[in-house]
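Below are the chains, spelled out letter by letter.
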Amino acid sequence: AQTVTQSQPEMSVQEAETVTLSCTYDTSENNYYLFWYKQPPSRQMILVIRQEAYKQQNATENRFSVNFQKAAKSFSLKISDSQLGDTAMYFCAFTPAGTYKYIFGTGTRLKVLA
Amino acid sequence: GAGVSQSPSNKVTEKGKDVELRCDPISGHTALYWYRQSLGQGLEFLIYFQGNSAPDKSGLPSDRFSAERTGGSVSTLTIQRTQQEDSAVYLCASSLIGAGGYTFGSGTRLTVV
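Going down the list, the sequences are from chains A and B.
Take 2 as the starting number for the first sequence in this note's numbering and just add one per residue.
Take 18 as the starting number for the second sequence in this note's numbering and just add one per residue.
Where hints are given, some of them may not hold.
[As the list claims (entries may be wrong)] Now the in silico label distances, taken between C-beta atoms and shown as ranges:
no. : chain 1 : residue 1 : chain 2 : residue 2 : range
1   : B       : Ser44     : A       : Thr6      : 32 to 38 Å
2   : B       : Lys34     : A       : Ala115    : 40 to 46 Å
3   : A       : Leu85     : B       : Asn27     : 21 to 27 Å
4   : B       : Ala71     : A       : Leu85     : 28 to 34 Å
Hints were generated in silico from the structure; no laboratory data involved.
Every residue, glycine too, gets a C-beta built ideally from N, C-alpha and C.
Can you make the complete structure from the sequences, with help from the hints?
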């Protein structure tokens, strides 16, 4: 079975510091996509960053970057220069190429402290 | 529309009553998904619509749950004879074909009392 594991239920970080959220997944697929979604108190899930498994280069979006380790099946999210607006639930998600169902982890609640 | 719109935002219902949750996807998005988010859980896939194809209903937890999508646009998720374990946030998402990522609505928080 394909699974996504986020082992950190809650984390906190001081404003302007850097924090890394962990995600591991289990699959026998070779081609797939990985995502990080942010869910603020408004409940709307916002796509933060996307990684294609066949690309070795780690995806980056402004202050957000990933460390994608395909062999280890690890996909961590690094948030640099943390801002108060980064406070949210963060979900890691996986989908095999050519399919449409996403498999989500249970989320990490991140609190940025002033 | 500019985003995925869901209504109502919050719904409180008595156990045993039926509820309807609505989703209006982004115009032009052919794929529409329903997920359920229970407290402390990840998102659980419920159902997927793609164009005129038969929907993938494999995630619906029981025959009390049903969904339809009219005219390839608006979708309604219906829960009959609601139970307390149905209490959750129901999220709708839409996308173009491919894995560019879903666009989610803000969800409907359903509370069954």
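Status of the hints after comparison with the structure:
1. The given range of 32 to 38 Å is respected by Ser44/B and Thr6/A, whose C-beta atoms sit roughly 36 Å from each other.
2. Between Lys34/B and Ala115/A, the C-beta spacing of about 44 Å keeps the proposed range 40 to 46 Å intact.
3. Distance hint check: the CB atoms of Leu85/A and Asn27/B are about 26 Å apart, consistent with the given range 21 to 27 Å.
4. At about 46 Å, the CB distance of Ala71/B to Leu85/A disagrees with the hint of 28 to 34 Å.
Hint violations for this structure: number 4 only, all remaining hints satisfied.
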